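Position chain B against the provided structure of chain A, taking the given hints into account.
Quick mapping for you: the protein sequence lines, in order, are chains A and B.
Position 105, counted from 1, in the first sequence is what our numbering calls 105; the numbers after and before it change by one each time, with no gaps.
Position 543, counted from 1, in the second sequence is what our numbering calls 543; the numbers after and before it change by one each time, with no gaps.
If you are wondering where the hints come from, they were derived from the structure by calculation, not from laboratory data.
Being a predicted model, the structure only gives us computed values, none of them experimental.
Cβ atoms here follow ideal geometry from the backbone N, Cα and C, with glycine treated the same way.
What follows is a list of derived Cβ distance ranges for each label pair:
| hint | chain 1 | residue 1 | chain 2 | residue 2 | range |
| --- | --- | --- | --- | --- | --- |
| 1 | B | 563 | A | 24 | 33 to 41 Å |
| 2 | A | 118 | B | 253 | 17 to 25 Å |
| 3 | B | 541 | A | 36 | 34 to 42 Å |
| 4 | A | 37 | B | 335 | 50 to 58 Å |
| 5 | A | 47 | B | 69 | 56 to 64 Å |
| 6 | A | 87 | B | 561 | 42 to 50 Å |
| 7 | A | 118 | B | 137 | 52 to 60 Å |
| 8 | A | 50 | B | 66 | 48 to 56 Å |
| 9 | A | 47 | B | 544 | 39 to 47 Å |
| 10 | B | 362 | A | 47 | 31 to 39 Å |
| 11 | B | 335 | A | 82 | 55 to 63 Å |
| 12 | B | 430 | A | 41 | 56 to 64 Å |
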Amino acid sequence: MLGSAELAARLRERRSAAYVAGFAKLDLAKSAGDVLDAIRAEFPELTPEQLPHGIVARCSLGHPFEVHTLELESDAVTHVRRGEPLPGGLERARALAAHPGYLFVEVYPDGVRAVGVDGTVSVAEL
Amino acid sequence: MGRSALQNYRTPVVVARGLLTNLTSRLGALGHEIADVRAGVHNLEGRVDERCDVLQKQLHSLTSDFREFVAQDKAHKDIAISETRLVRVRQELERNFGFYAEIRRRATGILQASDLAIVREETIRSSTEEAMIGAPGYWLAPALVAIASWMADKQDLANKALAEAMRRDDSKTSLLLCLVSRRLGRHDTARRWLVRYLGLQDPFALDREAIVLVDALASGVFGGGNAAAGLESIEAWTEEIKNRVGVVERERARWKQAILDMSTAPGASEYPYLTKHSPTWPQLASALGGVRLNGLVEKRVEAMYEGELGLSPKLANRVDELVDDLVRRFDDDELPLRREERKLELIISGSGDRATAEAHLALESPAFAERTSFVTLLTNAALGMGVGRVSRATQRLAFALSTPWVIEAYDDVVTGVRAAQPATIELAIDGWTGTTADGRDEGELVEGFRRSLAAEENAARAAAYGLGFWWPALVAVAFLALAFFSKYLLVGALVFTIVQLAFYVLSLPPARVRKAQFAARREVGVTAVEACCAEIVDLCEDVAREDARASGVRALLESINASEHVGATLDGRRKIVA
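The following block holds chain A by itself, in its conformation from the complex (with noise of 0.2 Å):
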């Protein structure tokens, strides 16, 4: 089990382009149990209670709805509207996943991650 610098230090390495690539196709998914791989698959190393426990991203279904999310507990994909509440406690991702320049928000117990569409990683501690 990764120490928490290591893992901080895991958790900014840039994210593989199949792992990316696997989030643009999360709103046509019919199940989050694909990108749930992609997450596990991304991370070997990492302990269940390490990986992000939620993922928030742009919603390309168009207005009303703004951004999805995929709450990695219970396997639920959830398209949002503009103006209603995140669930389970990822709407401190909300701004960053509705910015054009990330492709999605990973949130974790610590802050959250930023990733754009080269897989490049920022954090935001909140």
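Relative to the frame of chain A, chain B by itself:
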């Protein structure tokens, strides 16, 4: 008896009617007088309120003036104390290390004297030997003896002195000999010393003088092969450090702090209505200051890479500068006093602001550590921290070598700023509160404000004309009804009614005044809502425009390539040919 009783009864009624007429006219007159008194009281109230406002403002101004005076007085005292201490610290440096300064001056003096060949070898040698006796334990003294003996071709003495210098400080001696060899055009010897110096280094715990090596690479002191070897080594150090968790993370945090420290709060005059009427203003100000960092970082980086380097065209002069730096800046014994000196300088330059000076010193403190990692050394040089000057060429190369974690720090700052943007903006105007996302729903907000004020006005009117207002009249009617049975009750009813009416007329503002007050509040409030909406639209555009610069700044940072800043050019185009 019945008739007489009726007459007796009618007589008081006639009297009462007369009285009533009289009282009615008096009541009318009294009403006018009460209205006059009320107007006078209202006027007086207005003047008293106005006076209170003026007094309150004066008191507030006086309090803030007093606080400012106390702060300024403290700052002046801090400056005066710091200046006195600075003199003392510098005297102590002179007293404790003054003789070192004498020897240090001889280092470049010997090199320049040998160029000109106007000083006898014997004089040079005796001068260095004298320094050796005067500074026991100091590495430079035997190093100078070695150089002087080497120049005089006294091999044995040179070797003995060299061994002693290396025993005292192998690292600095190797670097000094490398530079001196380079100055004398002995490339192979310089290379051997360079390899030796590099081999002695632990990239996780370098002596501070390693920055001289970076400076030498940046200013083109080393020829092709040696420059390549030097760059290869420092790139290897960087890779080695990157693979150990924790070191680069510390530098990233320092860069993040350095970027955040560049932030300035927007002025109160930029968005005056939001400053006054939005409880969200502190977050908005912070968000605006945050996105403006993009432009500030861009300007800072462009300024670093623009313009001439200011290097001497003569190689010997550039080496002399490096030798001078090497012998002057990096003696650990002096560090505590140098640290204190820097702190006092920061307090003085910061106009006595001790807290800011200490925060700045905390950021600079790694630059005053005896040993640091190579990446810390680069951060210190790129941010211009530490003892003495950092050349422009060194700063450029150090920044270029630091860009991987500078970019990460910058990305984190940008992401943090974006995450902290408030999703909605709250407005609070004259008892009304409303929220907006972008200020484009001005109509709805104005309508909301009007509704809120109308509700307040209705409530005020209801309070003024409610049961509480009419009950004395009801009591008076009851008295009048009872007056058929007793004239005393009639008089009592009239007196009671007059007293109550007088009380209400005095205590409640007339309807027209109240209406005028609400109309004025409506006008002021609607103007404030509209102005706030206009400012929010401007603010959102301002934030979007500044935020959009982030990708350009990132591209600028990514375009900086370390290898382009090794062997710097004098005018930004031409490489130095050694």
